[in-house]
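Chain order of the listed sequences is E and G.
Using the numbering used here, read the first sequence as starting at 1 and increasing by one per residue.
Using the numbering used here, read the second sequence as starting at 1 and increasing by one per residue.
Since the hints were derived computationally from the structure, they do not count as laboratory data.
From the three backbone atoms N, C-alpha and C, an ideal C-beta is built for every residue, glycine too.
No false leads were slipped in.
Derived DEER-like restraints, expressed as beta-carbon distance ranges:
id: 1; chain 1: G; residue 1: Pro368; chain 2: E; residue 2: Gln202; range: 23 to 33 Å
id: 2; chain 1: G; residue 1: Phe349; chain 2: E; residue 2: Phe282; range: 23 to 33 Å
id: 3; chain 1: E; residue 1: Val33; chain 2: G; residue 2: Asp172; range: 27 to 37 Å
id: 4; chain 1: G; residue 1: Phe349; chain 2: E; residue 2: Asp230; range: 37 to 47 Å
id: 5; chain 1: E; residue 1: Phe86; chain 2: G; residue 2: Leu364; range: 29 to 39 Å
id: 6; chain 1: E; residue 1: Gly49; chain 2: G; residue 2: Asp311; range: 53 to 63 Å
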Amino acid sequence: MTIMTYRQALHDTLRAEMLRDDSVFLMGEEIGVFEGSYKITAGLLKEFGEKRVRDTPIAEEGFAGAAIGAAMLGLRPVVEMMTINFSMLALDQIINHAAKIYGMFGGQARVPLVIRTPGGGGQQLGATHSQNIELFYAFVPGMKVVAPSTPADAKALLLAAIRDDDPVLFLENLALYNTKGDVPDDDTPAEIGRAAITRPGQDLTLIGYSRMAHVAAEVAASLAESDGLDIEVVDLRSLRPLDRETIISSVRKTHAAVVLEDDWLTYGIGAEVAASISDGAFDYLDAPVRRVAMAEVPMPYAKPLETAALPSRDDVIAAIRQTLAAVGHRAVGRAPLATSAPASQP
Amino acid sequence: MASQARQRRSAPHASPAENAALESTDAQRGPASDAVAGDRQGQLRQFYRDMVLVRRFEERAARAYTEALIGGYCHLNLGEEAAVVGLMAALRPTDYLYTNYREHGYAIMRGIDPKRVMAELYGRVDGVSKGWGGSMHMFDVTHRLLGGYGIVGGQLPLATGAALAIDYRGGDEVVMCTLGDGTTAIGAFHESLNIAALWHLPIVFVIINNGLGMGTTVAKSSAEPDLYKRGAAYRMESARVDGFDPVAVHEAAAKAIETARAGKPYLLEVVTERLRGHSVVDPAKYRSAEEVERLKHEDPIQMFGAKLMADEVLDADAIAAIEEEVAGVVNAAADFAANSPHPEVSTLFDYTYATPVPNDSRRLPGEPLFPPLPLPADAAGASAGVPVPGVTA
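Input sequences plus hints: build the corresponding full structure.
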């Protein structure tokens, strides 16, 4: 184990994979000479040269598509989209092409492509630079979407993404780059498509991904300290495929769930999680599933407005307290269900 | 042999904006190369036969479409046979082709068995894309047809990336990327040509200019209707060729490919005609009466055939023999397609992912996400399986 930042974990993993496999190369805006807008690729141009660390013109559709084409011929490009907002310029290439090529041609061509890109708000970057639109990609069969919340997962999921033969959108977050954590020294990839229970508990299931999984872990620790609450935290890690089994088995145990997301609530990732809980744990719920999400506005620049629009720790704590209050209220009239139903169901 | 309309569209304009690269391009468009010197007559006969094959195949596809044996959209190469045959003859088997949704002829001329092309149109398992692609999405890795693409402009960045992969590995293959005249208006055209030129990639972009993007003329969609001149913006060598003349197309393509193989991307405009509507179901009512009348007298196959007869390369008997042979090929393709099985529904989830992952959804539309919970034993006779607070069974 080594303690390092999320940024360092990404950098070191990219470098290690480039050393391991000659077919891995990097493409993106300002990743070489400028060393990356968020310095993930710092030093790599110097070490690997222009062939493998390729600065592109500002042409998201063009270079995303070029990466897909190179992947079709067996290379393993890792594209950096400066922020997820700019990836919309490449939607046609990612959704109509990367996600379709394997199926549309009957399995004859693979697209081993990684698109790394940070989402996130809170930096006073205004409406066009503060979005969380991972849903666009998670919506599409053929895509894989992963969203690590810790430095360890940043490494393990990036290893998995680079070695995977399908297009993977690798969601980073501006607010996570400087967070620190233990990172295993070995090169064991994570399994794409598996959520993780990052904190076991009995009282309520708190579900999040990316920055909000980080917030979830902090809030759960804090409420354990202050209120003695035993909250289970599920870090989704993979948005497509979505690990519904882990979500459902947790909620069947705790009987209550709060879903956290940095995207907009209506039609968001949390809506899918809540619907899945309704499908798989309806009879186990003691309270409605709550979602904590960004306010449904174009993100304002002014700091007080931006702060109000983003889900905060206090918002999460309030949603947990209200949910647990509802559990207590409802449990009075229907105590037998909460205790007997789980025992009779797998 | 160019028609007045094609001559009008193909006439090189003297433009003060033309840069040195373009001027040298025009100057270099010289006499026939010796690419066809070997068995020239044999090659001319082959060109003619191949054009007839594309024509009869497409006519058969149109018929099958009206008989509802083919679904979806169905865009035909009718009128573009000389372009298709001339371009494909210039590629090596190891070169790659990316094209758009009007690609049946390209697939056949890349060497794919017409049976498998027709089977794809019929949506059968023996189709080039196993029935997953249809008319617009043919793919064959063996013959290096890396896709017909249904989204206008979608193939350009991909083809550029394939050329990048060749360059990355130091290979000597070339990518040819064909596109329609309407595609020159899309952003991916600019981004791809810019990247290809910046990175010196081995790629030939070929504009098949049939004068119409669906029903919109080139004049109404491109501020520079001399489409080959777009290459100047990228200092990319470019040229325009009469797309009714397979020999001229072949020579121009050979030069473009040779240039690209040396690491200099190339833009080739092939001026042709679309003899029918945009797709099988389009009656093309936007065409003027004069244009319709003109097209009745213009047909690349008839024109090329007449020339070969005048040059005594072909005679009426030879043409009849070609028609008979091609009819056999096309009939066999249709029979094969009709007899190929439909894909099994059990294969529906076979191609979502190349690398298997847990929790990959394999749910059919009517299936629940989770199996319904069994009813509690004591509620077996009740209408609901869940105890209702305050109600005793």
